[in-house]
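Visitor: Heads up: the protein sequence lines correspond to chains A and B, in order. Following the numbering used here, the numbering of the first sequence begins with 1 at its first residue and continues without gaps. Following the numbering used here, the numbering of the second sequence begins with 1 at its first residue and continues without gaps.
Everything labelled a hint here was simulated from the structure, so no lab data went into it. None of the values given here were measured: they were computed from a predicted structure. In this text, a Cβ means the ideal position worked out from N, Cα and C, and glycines have one as well. Heads up, a few of these hints could be off.
Stated by the list, open to error - Chain A residues, not near chain B, derived (Cβ > 12 Å throughout):
id, residue
1, Thr28
2, Arg133
3, Thr141
4, Thr170
5, Glu179
6, Ser193
7, His211
8, Gly218
9, Arg242
Claimed, not checked - Some, not all, of what chain A presents toward chain B, calculated at C-beta under 8 Å:
id, residue
10, Arg49
11, Arg60
12, Ala111
13, Gly188
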Amino acid sequence: MKKSQGLLFLLFAGLFLSSGTLSALTPTEILRRMDEVMFQPGDQTSNARMIMVDRHGNERVREATIWQKGGEKRLFRFTSPASEAGIAFLSLPNDLMYLYLPAFGRERRIAAHLKNQNFAGTDFTYEDLEVRRYAETFSGTILRQEGNLIVMELRPLPGITSDYSRIVVTVNRTNFLPEKTEAYDRGGNLVKSATHTWARQGEFWFPQEIHMRDLRRGSSTRMIMRNVRFNTNLSDQIFTVRNLTSF
Amino acid sequence: MNQQTLFKIIDKTSVAMKILMIIMICLLTTYYAKAEEPPRLQIGGELLTDQRMFIEQENDWAWNENRLNLRLEKRTERIRFFGNVWLRHLGEPTLTGSHELLIRDNVQPWNLNLREAYFEVREFLSDDIDLKIGRQIINWGTADYFNPTNMLNPMDLEDALDFSRKNGALALNVNWFINSEWSFQGVYLPHFSPANLPIGPFAGVFHSQIELPQGLQLANYRDVLELPRNNVSEGATIGFRLKGFVLGTDISLSYIYGREHLPLADLVMLSPADQPGKVNIDGNLIFPRYHMAGADMAGTIGNVGVWAEAAVFFPEREVIMTTDFSQLHGFPQGTPMFMRDSVVLSQKPYMRYIIGADYTFGNGIYLNVQYLHGFFNERGRGNQNDYLLLAVERNFLGDRLLVRPIAGGLGIADWQNPEENYSVFFTPKIIFRGIDNLELTLGAYVFGGKGNSIFTKFSELDMITFSARVSF
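Can you build the whole structure from these sequences, using the hints too?
Guide: Spelled out as structure tokens, the structure:
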């Protein structure tokens, strides 16, 4: 009896301690924790399967390879279907993005006005696919805490170009991973909703599935990650226009 | 051996060569497709049918192309091989007698075109150097579709409505990546190849008009192409390009020492024809040398994408066209009895440039506006016309349908008298991509204008187009 009471005490103590630690964290610190967990691996490579469903339930499938280094660089290249194969998207620091269309044989800068456009018919915009650290992009406000979840409102920091006026993110307090994000346009309308399913491989977490819903179009895209490899010493040369346009 | 026999032998040789090439491609494809060692040869491409029908002229077919576009690619860690072949049924048979029905290729015209075949070596000699050798298409410039600095490869004008198409050319292409933001490219194209001219109903749209003395009509026209000597310097083109990233803007500076791919006449000789009141013309055509200095940029101003590209051409020498009337002495009365010289290409530098911007509105409407000074065939100082180009498009049905209701432009050839020297063109399109790997396009080309402008020559060629493209 004493033993079970002791366990119960420890459990409650642990919960209060955890809650107390969290309440001590500022929104910026929570965002930093999120960045630390999500961008913990130095680099990662994965294969993505994107299942796109339109408002009528018609389904299309895209496959791609994604290379990412830290929280700054990402290269995304379609491998199928044939009509999309080779289309690639490079995200670099300082809001720099390039698109490569094999038919044109050269890269094209993605201007800010295109960031809200869907990438190759998916429900992910260029902005959604951009690599950005939360703490360096948003200021946060804690809206509420629901059990194990913290609901925060994020607004772009001054100088950050974003098509979203605010994002409401639901963070799991145990691992600091976002489970749900809701994005609002500049008119304050909810336009996007994404749920994230995280998996752990070794010491690293990765988004096993991101289910993005475009509420205006009534369509959705499930991005499912496979063959995830961490810390394979990806060269910086992979994340260059040189690599985007040739290899 | 008479000329007809010779043509038949050439024709048969050509057919044998085509068949041999196809067999080689098939063998190569089969060999690599069966090879198990990774990475495998990647085979892809498209099947395309492109059909165009005149709106007038009793709805004659303007274009009939059925194309197998085959791309082969294999890459290892540092070497990449790429080949691109077009196998096409193109055009309509031009049959003059029943004897031609015996020749299958005359009845069913087809051709094979090796677009590109090159290999690329990454980190050649140094980590920062990439080398590409072989028949390749090198694209320079940052503007959209119209690129004044993109002068290395000869133009492929076969389809007069696709101005940006280039032919592959043998080239040695070295890229030195100085750092993550700057690169330097050196290119050497050893052989000269002129542009191929439009075919079918578009034949002649890039020909210069020859003004005949009053009362005379043209009976026959012949010319001689004076091609540069085929050695390491005369026919060669060299180019350099420094490309970088400054203050959030992509920029490049370029230089080309090349040759015009469209010829200029330096001699026109008129002689009396057998029929009264008619003359024959014999011309001599040359491909003058030039130096080109180019610059281009692409960036953003606020949320608007902007770009600019300019090329200044320095003709190596003045081209004077001599029109020889001497054989028309006294025929008919009033015809000049002398040789007349006129400058067709001044040595003074001239510039072609384009500036443009694009923007996507919140409702998804995409707007693209460009101002172009000087079409690719407008050479010599003061000969550049001005064009305002506009495109508006929007995706529907989750990007399955692209509608481009407004696309086209306005060209002004003479600002002193624009009412009599203008051209307009309107090229709307609807593109359906509802099924993976399939693209259906329905469009129209409508031209109009007056005076001396390239699109004025298209003014009776309004057409409706349909194409289907399947990727594999």
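Visitor: Give me the numbers of the hints this structure contradicts, sorted from smallest to largest.
Guide: 8, 9, 10, 13
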